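Those protein sequence lines, which keep their order, are chains A and G. Just so it is clear: in the first sequence, position 87 is 87 by my numbering, and no numbers are missing. One rule links them: number in my numbering = place in the second sequence (from 1) + 1000.
In short, the hints are calculated from the structure, not lab data. This one's a predicted model, so the numbers in the text were calculated from it and none came from an experiment. For glycine and all other residues, C-beta sits at the position ideal for the given N, C-alpha and C. Don't take each hint at face value.
Derived coverage of chain G by chain A (criterion: at least 3 residues anywhere in the stretch with Cβ under 8 Å from a Cβ of chain A; other residues may be distant) [what the hints assert, rightly or not]:
(1) 1079-1091
(2) 1094-1106
(3) 1140-1152
(4) 1160-1173
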Amino acid sequence: MSEPSPKESGAAVRSTRRRNTRSPRRPGRELSREKALMRGLEVIGESAIRAGLSQFYGTAAIPQTELFNYLARRLPGLGGSVLEVGDERLAIGMMLGAAAAGARVMTCGTGPGFSRMQEGLSYLCASEMGAVIVHVNRGGPGFGNILPAQSDYRLVTRGCGNGDTRAIVLAPAGLEEAGELTHTAFDLADKYRIPAIITVDAMIAQMMEPVRLPSKKRALPEKPWALTGRGNRRPNVLTSVHWNSQALEEHNYRLFQKYKTIVAQETRSESVRCEDAQVVVVAYGIMGRVAKTAIEKARKRDLRIGLFRPVTLWPFPAQELRDATRNAMSVLVVELSTGQMIDDVRRSLGGQVDVHFYGQAGGEVPSPFKVMHEAVKLFR
Amino acid sequence: MSRDDEILVHEELLPHHCAGNDHGNLVGLISETLDEMGAKARTIGVSTVGCSFMIYDFIDVDFVSAPAGLAPAVATGIKHTHPDSLVFTVQGDSDVTGAGLGPVLDAVMRDEPITLIVVQGQADGASKVLTMARALKTPLLMKKVKLVADRDRKAAKAALTECFQHTMEKKSLAILEVFSPSPTAWSLGPDEALKFREKETPRRARPERPRRKKD
Chain A
1 MSEPSPKESG AAVRSTRRRN TRSPRRPGRE LSREKALMRG LEVIGESAIR AGLSQFYGTA
61 AIPQTELFNY LARRLPGLGG SVLEVGDERL AIGMMLGAAA AGARVMTCGT GPGFSRMQEG
121 LSYLCASEMG AVIVHVNRGG PGFGNILPAQ SDYRLVTRGC GNGDTRAIVL APAGLEEAGE
181 LTHTAFDLAD KYRIPAIITV DAMIAQMMEP VRLPSKKRAL PEKPWALTGR GNRRPNVLTS
241 VHWNSQALEE HNYRLFQKYK TIVAQETRSE SVRCEDAQVV VVAYGIMGRV AKTAIEKARK
301 RDLRIGLFRP VTLWPFPAQE LRDATRNAMS VLVVELSTGQ MIDDVRRSLG GQVDVHFYGQ
361 AGGEVPSPFK VMHEAVKLFR
Chain G
1001 MSRDDEILVH EELLPHHCAG NDHGNLVGLI SETLDEMGAK ARTIGVSTVG CSFMIYDFID
1061 VDFVSAPAGL APAVATGIKH THPDSLVFTV QGDSDVTGAG LGPVLDAVMR DEPITLIVVQ
1121 GQADGASKVL TMARALKTPL LMKKVKLVAD RDRKAAKAAL TECFQHTMEK KSLAILEVFS
1181 PSPTAWSLGP DEALKFREKE TPRRARPERP RRKKD
């Protein structure tokens, strides 16, 4: 595939001299020089193409439609395939086949559609196949609404279908980071042969801002376990069936060891001015970004407030959170839900700091001033 | 010893098909057909829940297990990745009529060049689904076979070869419907189950009887 310029992808291009240092970047990630004005889901789509995406199966359901539309425009011309399916269960089935065949493959799900994918996710985990799922939160249970929300934290971090299953969950707070984390998601999915979920809210998904996209991957990993037709080797079988109890136990513990390695090595987070903070705000995704503005406002008023933003929701960066809140007297967890990540925060801190909560759960995003106001209350 | 001569030996072969059920015969038929076509090296199979889940223990080709009903979707994903491979699924009738109704019709409407082998072991529910699939008027190759007598087996092998050839040449989707007794589900012995199958299958749903060759 030839590397597309942002112009080809229909995005406005701006030149820039200032290096963006806002997102926590790992060494080795290269960004293109040009900036493009794109939507969140378009950034994820373009970054996925540059990460070697060859197939996309999905539905054009709001608020994720732009991802499907963008890939439908771009991917077939580059030799990949995009299929619109009527049901997310079908999408994850097709993804399962493509992942088994060794392709870099992606799907997307939102609200009830993501719930329908749980069975397929369990099979991906059990048969050890790597794939990337873009998850766009919807507000509320059932249909809810399509406004910004973080209502599926528990579902993405705990629920991955039946069985002892896990998926890596990445939560970008901005579009440039969304592009980088898309590359990270594909790399981790292939490295650990596990599903990787990029979870965003409708605001990250829909908003536009200038971004520098990741450079195109030059080499993709070998997959000797993939189904290609056996040729002259022994047949490859990818199955989750283990009839013998001992074999199943060995399989489960092998998966468990893999999850432990991921927890030890793959946590990512961002700490902003936590060293001297009396109150640390813990927030992810769009609320992490809002909270960052809030602490900038607070610091101008000489209020010692810091921000801790988990980038990986699973594995949860528990040790990093303990380090960030070592000198704090209170922690304020801010979410677009009635309180889900707060359980992980409490568990990580083990009672060493008071944990408070502020959230909105109807689709409204609180202003930075409102977050600052809630944090200031904890000084009293 | 070449790969084709190698005999697949399993030290601990735990589950196997029930006596009187044609799943075992079908597995042998698929393996023989692929050998005769010389296509095993480029074949990828999809097993699913029910009696087909252990098929990869008996046929030495690449295999993946699909969730209930999703075998056609999984096969679609494989075929899109390796368009030149021969991709087939083996499903039971409950897998097609229940959770698999959407995926089967979706594969038919997309006309994916994959072979769906459906083992028809209960009532004729799956037949109705497949008849419905045919009513969609896509260029579909559809065959009905049974595996009782030798001549049935010969006809079945010819039909299976045709289905495999058809999808390898990317003409259209192919469905092979295999009528099988299901003695365990019916609480009958193998012989009784066979008679029950013959008696209870509506005439319109039966496979055509292969004609005897005149001497």
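Hints, verified against the model:
1. 1079-1091: holds (count 6)
2. 1094-1106: Our answer is that it holds, as 3 residues pass the Cβ test (under 8 Å) against chain A, meeting three.
3. 1140-1152: violated (count 0)
4. 1160-1173: This one is violated; 0 residues, fewer than the three required, reach chain A with a Cβ under 8 Å.
Checked against the numbered hints given earlier, the structure breaks hints 3 and 4 and satisfies all the rest.
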